[in-house]
Structure formats: structure tokens, C-alpha cells
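Visitor: Take a look at the letters that make up each chain.
Protein chains: 2
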Amino acid sequence: MAKKEVAVGIDIGGTNTVFGFVDRDGNILGEDSLKTTHYDEVEVFVAALYEKIMVTGHKIGNGIEIIGFGIGAPMGNINKGTIEHAAGLPWKGIVPLAELFNRHTSHPVIVTNDANAAAVGEMIYGGAKDMRNFVVITLGTGLGSGFVIDGKLVYGHDGFAGEIGHTAIRPGDSNRDCGCGRKGCLETYVSATGLKRTLLKIMADSMQPSELRKFSFDELDAEKIHDAAKRGDYIAKRAFTHTGRMLGFKLADVVAHTNPEAIFLFGGLALAKDLIFEPAKEYMEENLLSIYKGKVKLLPSELSTQNAAVLGASSLVWSNRPS
Amino acid sequence: MAKKEVAVGIDIGGTNTVFGFVDRDGNILGEDSLKTTHYDEVEVFVAALYEKIMVTGHKIGNGIEIIGFGIGAPMGNINKGTIEHAAGLPWKGIVPLAELFNRHTSHPVIVTNDANAAAVGEMIYGGAKDMRNFVVITLGTGLGSGFVIDGKLVYGHDGFAGEIGHTAIRPGDSNRDCGCGRKGCLETYVSATGLKRTLLKIMADSMQPSELRKFSFDELDAEKIHDAAKRGDYIAKRAFTHTGRMLGFKLADVVAHTNPEAIFLFGGLALAKDLIFEPAKEYMEENLLSIYKGKVKLLPSELSTQNAAVLGASSLVWSNRPS
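Taken in order, these protein sequences are the chains called A and B. Per my numbering, the first sequence starts with residue 1, numbered consecutively. Per my numbering, the second sequence starts with residue 1, numbered consecutively.
Wrong hints could be hidden among the right ones.
Note that identical chains are pooled: a pair holds if it fits in a single copy or bridges any two copies.
Below are the DSBU-like pairs computed for lysine-lysine, each with C-alpha atoms no more than 30 Å apart in a straight line [unchecked claim]: (1) 35 <-> 230; (2) 129 <-> 293; (3) 196 <-> 152; (4) 92 <-> 295; (5) 80 <-> 201; (6) 59 <-> 201.
If you're looking for bench data, these hints aren't it; they were derived computationally from the structure.
Using the sequences and the hints given, assemble the complete structure.
Guide: Right, dumping it as C-alpha cells:
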């Protein structure tokens with residue numbers, strides 16, 4: 001009997017690295033993880049990871065055949081198979097990840113960032129199966145984006161396309177420091193942290209009561225703000241509205257640049273549904289040229305948040321397969 | 001002897017329609033024009049245009065073979081071969097231009113907007129011959145843009161990709177009316193008209209003398225401001241600096257979205273060279289994430305301004321040819 005083809009999806013995060021064996025339909029047949037932080041040497045990390053993947057594969061049994069490895073990692077460069085200057089990882093400089101992996105395997109190894117992996121995942125397993133032109137925005141601690149044009153992920157000349165999280169909201173006059181060293185990037189407004197920062201500003205300006213006034217900045221998180229907003233908390237709702245509007249404002253730019261069929265929102269903030277989708281949609285439409293108005297869908301991702309990183313990473317393998 | 005293959009490039013403007021016979025190297029073998037404004041009926045316009053093209057072809061002689069027609073027009077839609085709601089043309093609504101043309105010829109007829117045509121022209125005949133990922137910005141009365149990704153013009157889902165002229169400089173608080181009906185679009189700052197508007201604002205705020213204070217708004221144009229700036233006029237120079245900065249600010253978004261190898265500036269304002277390139281480059285770099293800094297070239301178009309529209313339109317034919 002023919003063996004079942006599987007792609008190994010690997011998500012390298014600052015704390016944990018998670019991997020899974022995924023079939024063409026997006027079923028995860030086996031998964032495991034290891035602590036990224038335990039490995040100061042990337043060669044040792046890759047060896048340990050590969051070993052653990054083989055052990056998991058062995059447990060699944062000999063009915064499967066690995067066809068490749070897809071890796072999502074911060075600052076993953078798809079052109080070069082490298083991770084470059086990723087602030088949140090233990091390894092500094094330019095890490096030749098695909099090359100290190102290929103010391104253990106001759107299968108294809110594809111590296112990209114999490115948001116690009118999410119975009120390909122949406123196309124292979126999710127809501128963009130029949131789409132040729134779409135964008136995925138990932139809303140987590142930061143804001144990532146992946147562009148698909150004419151059925152292909154956009155890499156760009158240097159392999160770093162899709163960083164709308166680091167476009168500025170306005171010229172010059174923002175006070176919000178960004179982790180990237182500049183000021184006023186979209187990510188400082190539209191992300192779990194951005195939502196919290198906006199909440200604090202509204203709380204400072206407004207006299208309205210709020211159940212969130214009893215929490216410190218450190219204690220606050222997107223979930224608490226979401227819960228408060230669902231209970232009707234005025235300040236929490238306004239923080240979501242402002243966050244959605246800033247997102248919608250820059251999504252209008254995305255539309256004017258590449259005219260996608262749909263924009264998918266993925267991740268924690270997207271789970272707040274109407275609280276974020278409504279102001280985002282409204283403000284995007286308001287900022288669109290008439291030829292685009294009413295045409296671009298703003299949709300929730302159809303990848304489950306729980307497995308999305310592994311699914312997205314594994315999808316790179318299917319999408320890069322010669323057809 | 002084999003006939004020389006030529007593409008017919010047609011540029012439909014609000015006042016004149018210009019066409020030319022162009023060979024693969026970008027040589028124009030013959031050209032002519034007719035008044036767009038003379039034709040209330042688009043069918044009559046197309047018939048007259050086709051007739052005039054045939055006459056010109058006849059004059060060139062029988063050593064040539066037409067392989068197709070490329071048309072640049074405002075609001076030209078490449079997916080559908082239509083012109084849609086172009087404010088500056090005599091024909092309202094959706095005009096099925098390619099279809100009308102194909103009543104006269106069985107050769108391919110490709111329609112797109114001027115900026116997209118300029119982008120393909122840069123790739124076929126100009127400075128982007130060896131590039132796979134670049135963007136062309138056309139600076140005239142308005143601001144247009146064309147994106148090339150992976151060697152192909154980006155059409156978008158609805159055929160209208162590349163309208164960065166109508167992305168907003170900041171959320172909500174701009175006073176500048178745009179021809180598109182909204183406010184604060186990039187085009188209201190970065191275009192011949194935008195330069196003039198900026199000049200007036202600086203003139204209003206500043207007490208500095210300027211040779212331009214003697215001209216009315218109607219009398220002023222980009223050329224007068226350029227000449228004054230070259231002579232060291234403080235206010236004219238500041239108007240250019242502000243215009244370049246606003247351009248650079250939004251070019252940083254272009255880089256963060258699609259990570260091109262180069263951005264080409266084309267048209268009247270681009271002829272002001274350092275006056276516009278220096279502040280644009282400086283402000284673009286200032287607004288770039290570190291992974292992009294110093295990597296993206298900002299270059300003048302290599303198409304001659306005089307023939308660019310016809311060259312760009314003709315290039316569509318070569319680029320759409322099965323290879």
C-alpha cells in the first residue's frame with residue numbers, strides 16, 4: 001500500500017519550538033515540542049529538533065512518508081533559508097537554518113516568517129483555498145502580514161516582503177515607541193500590546209468609570225480588555241474601536257497597493273470578532289478609492305488558532321511542490 | 001525577408017490620443033495622434049483611431065508586422081479590457097475598449113492604466129530590464145503607480161492594483177481635498193498640483209521673500225517652482241523638500257508591503273532630480289525597518305518622458321507574449 005505523504009511543520013518561537021506531521025488535508029498526525037531557550041548553539045538545537053521529529057515519526061508508524069520540512073520563525077528569510085537578526089531568539093546574526101537542517105535530511109527545507117506561513121496555510125488548508133490574491137494579517141503580541149499575489153507568496157527582492165506591522169500611521173508626530181527602534185508603527189496600535197497602550201491613553205483622558213482601572217499595565221492583557229468590552233465597559237470598547245480603525249486605515253493602503261480579493265485576520269485580537277472587525281471594515285471602506293469600495297472581503301482566518309503555526313509552516317512544503 | 005515585428009502603443013488622454021509603432025528595442029517607427037475630445041461616441045472614436053493607425057502603418061511600409069495593440073488609459077482595467085468611470089474622458093460608465101477594438105482586429109488588445117503601462121515599459125525597454133521586483137511611480141498632474149512582482153505586473157483581484165496616489169497620509173485630519181472625493185490622499189501632496197498647494201501653504205506661513213509671491217495660484221506650475229528652486233528660492237526649495245518627504249514616507253509603506261529591488265520615479269516632478277530624490281530617499285530610509293535600510297534603490301525612470309506613454313502602452317504587447 002502507498003504510504004501517506006506528510007509535511008513536517010515547525011514553528012520556532014522565542015520560548016518553545018513546536019512541530020507536527022501534517023497531511024495534505026491539514027490533519028495533524030503527531031506533534032511534539034522542545035524548549036528553544038535550552039539551546040545556545042543553533043547546531044545543537046537543530047540536531048535535537050531533528051532527533052525529536054524522527055522519534056515522533058517513528059511513533060506514528062511506517063505508514064507515512066515525509067516529503068519536506070516547513071519552518072516558520074521570526075525574521076525567517078524564504079529566499080535564503082536563514083533567520084536574520086531575530087531579536088527574540090537565542091541565536092544572533094544570520095543563522096543558515098535550512099543549510100543546518102540539510103545536514104540531517106535531503107528533503108526540501110523551507111524557512112519563512114510566521115505571517116507568511118499563516119498566509120500559505122490559509123491558501124492550502126483554510127479560507128483562501130480558491131483565492132489567487134489575498135493578504136493575511138496576524139494579530140498577536142505584534143502584527144505580521146503575508147501577501148499572496150497570483151497564487152504565490154510574495155517574497156520580495158530581499159525575501160522580506162510583508163511587514164505592514166512596521167509601516168507608520170502618520171508622518172513624524174507619533175509618541176509610541178516601537179520594538180523595532182522607530183516610532184508610531186502600526187504594530188504599536190494594532191496588536192495585543194497596542195490595544196493595551198490605547199486603553200491606557202483613553203483611561204487617562206476619559207472620566208468614565210471602567211472595571212479595568214483597578215489593573216496595572218503589567219496585569220492588563222487583551223483577554224481582560226476583551227472580556228470587559230463584552231460586558232459593555234465603555235473604555236474597553238473604545239480601545240477596540242480605535243484599534244480597529246487604525247487597522248482599517250492601513251488596510252486601505254494594502255488594497256490600494258495590491259487590490260486583493262480578501263484580507264484575513266488571524267490571531268488573538270481577531271477572536272474579538274465584531275469589536276475589531278466592525279471598526280476595521282468601516283474605516284477601511286472610508287479610506288478606499290471608489291473603485292475598491294465594497295469589493296474587498298475582511299474575513300476571520302479559518303485556521304484554528306491552536307495549530308495554525310504548525311499548519312502554516314507545513315503548508316510551505318505543499319505549496320512549493322512542483323505540480 | 002522576414003518582416004519586422006512591431007507593437008502598437010496607444011495612449012488615451014483626456015485631450016489627445018497618441019499612438020506609435022514600436023519595435024522590440026523600443027524604437028518608434030511611426031506615430032500620430034487624434035483629438036479624444038472630438039468623439040462623443042466611443043465606437044466612432046475606436047473606428048477613427050484604428051483607421052488612422054492603419055494609415056500610419058501603410059506609410060511605414062510593408063516591412064512590418066503588427067503583433068498586437070497595447071492601450072494605456074485612465075482607469076484602464078487589465079482584467080476586463082475596459083475603461084471604468086474615467087472622470088477625464090468623454091465616455092461615461094464602463095467602456096468595453098478591447099472588445100470594440102477587436103471588431104477591427106484579431107490581434108491581442110491589452111488595456112491598462114498609464115502607470116501600469118509605464119511599469120511594464122520600464123521592464124521591457126528601460127532601467128528594470130534585469131529586475132523581477134520593482135515599482136514605478138508616475139508623477140504628473142496626479143500620482144500613479146505600477147507594481148511588478150516576480151517579473152509580472154500586479155493586476156489584483158479586480159484589475160485595479162497600484163493606486164498608491166490614493167492612500168492617505170494620515171488618519172482623518174487632513175484638509176486637502178482630493179479629486180477622488182476624499183481628503184489627504186498622497187496625490188494631494190505629491191504631484192505637480194500637490195507641489196503648488198504645498199508652496200502656497202508655506203508662503204502663507206513664512207515671512208521669507210520669494211520670487212513666486214508675484215504669481216497667482218492659476219499662474220503657478222511645477223516648472224516655475226522648479227526654476228525658482230534652482231535659483232535658490234527658499235520657499236520653492238522648502239516646497240520640494242516637503243513634497244519629497246511625503247513621497248518618501250509612503251514609499252516606505254511600498255517597501256514594507258512588497259520589498260522591491262528598486263522604485264523608479266517617472267514624469268515631470270522626477271525631472272527636478274535631487275530636489276525631489278534627496279528628501280524622498282532620506283525620509284523613506286528614516287521610515288524603513290532595519291532589514292530594508294540601504295537596500296532599496298530609488299531611481300529615475302530610463303524611459304524618455306516624451307514617448308513614455310506610447311512606449312509603456314506598446315510594452316504590454318511584448319510582455320504578454322507567450323515565450
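Visitor: Hint by hint, say whether it matches the structure.
Guide: Against the structure, the hints:
1. Taking identical chains as interchangeable, the C-alpha atoms of residue 35 and residue 230 are never at most 30 Å apart, the minima being 35 Å within one chain and 62 Å between chains.
2. For a Cα distance limit of 30 Å, the shortest separation of residue 129 from residue 293 inside one copy, 24 Å, qualifies, whereas the shortest one across copies, 35 Å, does not.
3. Taking identical chains as interchangeable, the C-alpha atoms of residue 196 and residue 152 are never at most 30 Å apart, the minima being 35 Å within one chain and 41 Å between chains.
4. Taking identical chains as interchangeable, the C-alpha atoms of residue 92 and residue 295 lie at most 30 Å apart only when they sit on different chains, with a minimum of 21 Å there against 44 Å within one chain.
5. Taking the shortest Cα distances, residue 80 and residue 201 never come within 30 Å of each other, neither inside one copy (42 Å) nor across copies (48 Å).
6. In this homomeric assembly, residue 59 and residue 201 never come within 30 Å of each other (Cα to Cα): the closest approach is 52 Å inside a single copy and 72 Å across copies.
Of the numbered hints listed earlier, those contradicted by the structure are 1, 3, 5, 6.
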